[in-house]
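Engineer: Sequence:
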Amino acid sequence: MDVSHCDSLRRLPNDMKYTKSLRHIYTNGCKSLECMPPELGQLTSLQTLTFFVVDSSSSCSNVSELRNINLGGELELNGLENVTEAQAKAASLGKLTHLSLEWNSGGPEELVQDCHVKVLDALKPCGGLEMLRIVNYKGRGAPTWMKELSLFQQHLTELHLVGCTLFTDFPEFSNLRALQILHLIKVDKLHSMCSKMADVEFPALKKLQLHDLESLESWVATPGKEELSFPVLEEIDIRNCPKLTSLPGAPTIKVAKLKEDMAQLSLSLITSRYMSSLSVLELSVRDRETTLELDQNHELSISVIEITGCCFFFASSPSQPVVGIWKWFGQLQILKINCCDSLIHWPEEELLSLISLKELIIAGCSNIIGRAQVNGTATQSRDQLLPQLTKLEIRHCKSLTELFVLPRSITYICIRGCPNFQCLWGRGTGDTELINLQVEHGNDLTPTSVSEKPGNNYLPCLETLFIKGSDKLAMLRNLPPSLKNLSIYHCPELRSISGNLDQLVDVSIGGCNKLDSPDWGNLPALEDFGLLNCKRLTSLPGNLGNYSALRRVLVKYCPAINMKPLYKHLPQRRESLEYYDLSHAHSSDPEEVEGCWFEANTLVAWC
Numbered sequence: 001m002d003v004s005h006c007d008s009l010r011r012l013p014n015d016m017k018y019t020k021s022l023r024h025i026y027t028n029g030c031k032s033l034e035c036m037p038p039e040l041g042q043l044t045s046l047q048t049l050t051f052f053v054v055d056s057s058s059s060c061s062n063v064s065e066l067r068n069i070n071l072g073g074e075l076e077l078n079g080l081e082n083v084t085e086a087q088a089k090a091a092s093l094g095k096l097t098h099l100s101l102e103w104n105s106g107g108p109e110e111l112v113q114d115c116h117v118k119v120l121d122a123l124k125p126c127g128g129l130e131m132l133r134i135v136n137y138k139g140r141g142a143p144t145w146m147k148e149l150s151l152f153q154q155h156l157t158e159l160h161l162v163g164c165t166l167f168t169d170f171p172e173f174s175n176l177r178a179l180q181i182l183h184l185i186k187v188d189k190l191h192s193m194c195s196k197m198a199d200v201e202f203p204a205l206k207k208l209q210l211h212d213l214e215s216l217e218s219w220v221a222t223p224g225k226e227e228l229s230f231p232v233l234e235e236i237d238i239r240n241c242p243k244l245t246s247l248p249g250a251p252t253i254k255v256a257k258l259k260e261d262m263a264q265l266s267l268s269l270i271t272s273r274y275m276s277s278l279s280v281l282e283l284s285v286r287d288r289e290t291t292l293e294l295d296q297n298h299e300l301s302i303s304v305i306e307i308t309g310c311c312f313f314f315a316s317s318p319s320q321p322v323v324g325i326w327k328w329f330g331q332l333q334i335l336k337i338n339c340c341d342s343l344i345h346w347p348e349e350e351l352l353s354l355i356s357l358k359e360l361i362i363a364g365c366s367n368i369i370g371r372a373q374v375n376g377t378a379t380q381s382r383d384q385l386l387p388q389l390t391k392l393e394i395r396h397c398k399s400l401t402e403l404f405v406l407p408r409s410i411t412y413i414c415i416r417g418c419p420n421f422q423c424l425w426g427r428g429t430g431d432t433e434l435i436n437l438q439v440e441h442g443n444d445l446t447p448t449s450v451s452e453k454p455g456n457n458y459l460p461c462l463e464t465l466f467i468k469g470s471d472k473l474a475m476l477r478n479l480p481p482s483l484k485n486l487s488i489y490h491c492p493e494l495r496s497i498s499g500n501l502d503q504l505v506d507v508s509i510g511g512c513n514k515l516d517s518p519d520w521g522n523l524p525a526l527e528d529f530g531l532l533n534c535k536r537l538t539s540l541p542g543n544l545g546n547y548s549a550l551r552r553v554l555v556k557y558c559p560a561i562n563m564k565p566l567y568k569h570l571p572q573r574r575e576s577l578e579y580y581d582l583s584h585a586h587s588s589d590p591e592e593v594e595g596c597w598f599e600a601n602t603l604v605a606w607c
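Quick note on the UniProt record's numbering: the sequence shown kicks off at 1 and runs consecutively.
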């Protein structure tokens, strides 16, 4: 029986006790499950039960029902606040390899502590346990069985302590010689990882996660002994540990994730010898005042970087010197920049170093405008930036007006939630020309500089273009014939879209009430099209007679559109269409309010 990840499942059948031959019940991920059916202990053939939730109701099974069941594999016990010491002692945890013990609610602190301690002591697992997870335990000390080296030293590879806020008597984690994964989250009383005076080593640990440890201030409790040895550690994830100021010795680290208010650990890592082994770096730093001073030069093999905040990575004005760290990242393939207030202009000097970059994602950088201004004039953009870039995604950058010069390699562009964005193409040389459009509210489009050549393809590899929420975008001209997916939403000033789009497969346009009839060619490859809330649009894109590949059609709230060609063509194709909805093609949108653009959930879901 497998009902894994049935999120809304609340009950299993009450008569399950009669299914005597049932051997496996997979209930992991059923977080809405309220209790287990009564007399579950009668299922003596049962070998697997992945999630057992305990309820106080007498009509539900409690953990003592497990005494006659020889379970193996994994088991998550949830709702242990409803378990008594006697019930816990009666339970048999069989030959489990993965055990998770979780409490959900509290009560008077004294009663809670005593109850939690007794229940956890009674739930002693058998030997051979490989993973142990304890969540929201409110006892002060670890159970006696957790300190038995014979029970854990040779087999336990994964340990999670989550929300154990009163825990003070910790096991010596370094004694767990087989431990490969250690997660400590909201363990408020932990001051150090180890108390030993001699060199401390975690010989097998590969992944260390430390989150929200408000008291953690050192790796070893012994004064003057600050460094632990993690000889095979591959991933370290430290978030919100405000008193921790240094990193441990980890010569083989590949993934580093740090989140902090002040840039203590981040700067410690950047200037350490361990940077040379990294392949993934994620840094989140709120501090805006920290500056980065480098006294060394590295050539690193990092392939993925994600930074949030981290203002010290960028110069806040063109007159400031370029931050030299970007020269280290010649092998970088994915760069994500989030919520960086110091990013004001396209960091073209920095981008020059990223010759291997394939994906660039910028989100929530509210100050970025576009090209740097010198004496009130935009600087000439570089034409050799990011020669291998294939994906560009810009989200919620409210001041952004234009992009840098995009390389010919780009295949995917997404601009979302950038209300001041108005220019898709930047200034370059050769095949890349300027289209710089200025639109004044309420006036017709006025192109101030348009330089195009017949047959010129700005982005010859572009396949997907997604633009949403750009209030000042007025024109998309000369879209390349390589385009296959075009989605434009909520661009109220958009008047014109043009290009020979014979390879276009999917088009969806919504909330563009000034858009005139598009000039796109015949669209012989078109499979899906959706039009929603385009009041001025008078005709469908392409040549309707060439819609031989059409599978799905949606047209709503386009009162000026001429539907006669489609109505004439549709009866011949209706049997081959998977979906069509023309019921409100000429209607006005009932949800549109003056000054508020309708959120095209219908269109987005349809696509």
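Please keep in mind that the hints were generated in silico from the structure rather than gathered at the bench.
The C-beta atom is built at its ideal place from N, Cα and C for all residues, glycine as well.
One should not assume that every hint holds.
Said to hold, decoys possible - Result set (BS3-like, lysine-lysine): computed pairs, CA atoms no more than 25 Å apart in a straight line:
1. K259 / K243
2. K206 / K186
3. K118 / K186
4. K257 / K147
5. K186 / K95
6. K472 / K568
7. K391 / K535
8. K206 / K147
9. K147 / K189
10. K327 / K257
11. K257 / K207
12. K391 / K358
13. K514 / K391
14. K254 / K189
15. K259 / K186
16. K17 / K31
17. K124 / K186
18. K207 / K118
19. K484 / K468
20. K95 / K17
21. K514 / K484
22. K398 / K327
23. K568 / K535
24. K514 / K535
To be verified - The following label-pair restraints were derived from C-beta to C-beta distances:
25. Y18 / K189: 16 to 26 Å
26. T84 / K243: 32 to 42 Å
27. L166 / S301: 23 to 33 Å
28. D55 / Y18: 15 to 25 Å
29. H155 / P387: 43 to 53 Å
30. C126 / T84: 18 to 28 Å
31. L166 / D7: 57 to 67 Å
32. N104 / S356: 12 to 22 Å
Engineer: For K254 and K189, compute the direct alpha-carbon distance and say whether it is at most 25 Å.
Structural biologist: violated (29 Å)
Engineer: Are the Cα positions of K398 and K327 separated by 25 Å at most?
Structural biologist: Between K398 and K327 the Cα gap is close to 29 Å, so the pair fails against 25 Å, i.e. violated.
Engineer: Given the hint that K391 pairs with K358, does the C-alpha gap stay at or below 25 Å?
Structural biologist: holds (6 Å)
Engineer: How does the Cβ-Cβ distance of H155 and P387 compare with 43 to 53 Å: does it lie in that range?
Structural biologist: holds (51 Å)
Engineer: Does the hinted range 23 to 33 Å hold for L166 and S301 at CB?
Structural biologist: Between L166 and S301, where Cβ atoms are some 43 Å apart, the hint is violated.
Engineer: Could you say whether the range 32 to 42 Å given as a hint is met by the Cβ separation of T84 and K243?
Structural biologist: With a Cβ separation near 39 Å, T84 and K243 satisfy 32 to 42 Å, so the hint holds.
Engineer: For the pair supplied as a hint, K259 and K243, is the alpha-carbon distance within the 25 Å limit?
Structural biologist: holds (13 Å)
Engineer: Do the alpha carbons of K118 and K186 lie within 25 Å of each other, as the hint requires?
Structural biologist: At roughly 22 Å apart (the allowed maximum being 25 Å), K186 and K118 satisfy the hint.
Engineer: Given the hint that K206 pairs with K147, test it: the Cα-Cα distance must not exceed 25 Å.
Structural biologist: holds (22 Å)
Engineer: Range first: 12 to 22 Å. Now tell me if the beta carbons of N104 and S356 are that far apart.
Structural biologist: violated (48 Å)
Engineer: Holds or violated: K147 and K189, Cα atoms, limit 25 Å.
Structural biologist: holds (18 Å)
Engineer: When you check the alpha-carbon spacing of K568 and K535, does it fall within 25 Å?
Structural biologist: With a Cα-Cα distance of about 22 Å, the restraint between K568 and K535 holds, given a limit of 25 Å.
Going down the numbered hints, you'll see the structure goes against 4, 5, 6, 7, 13, 14, 18, 22, 25, 27, 31, 32, while the others check out.
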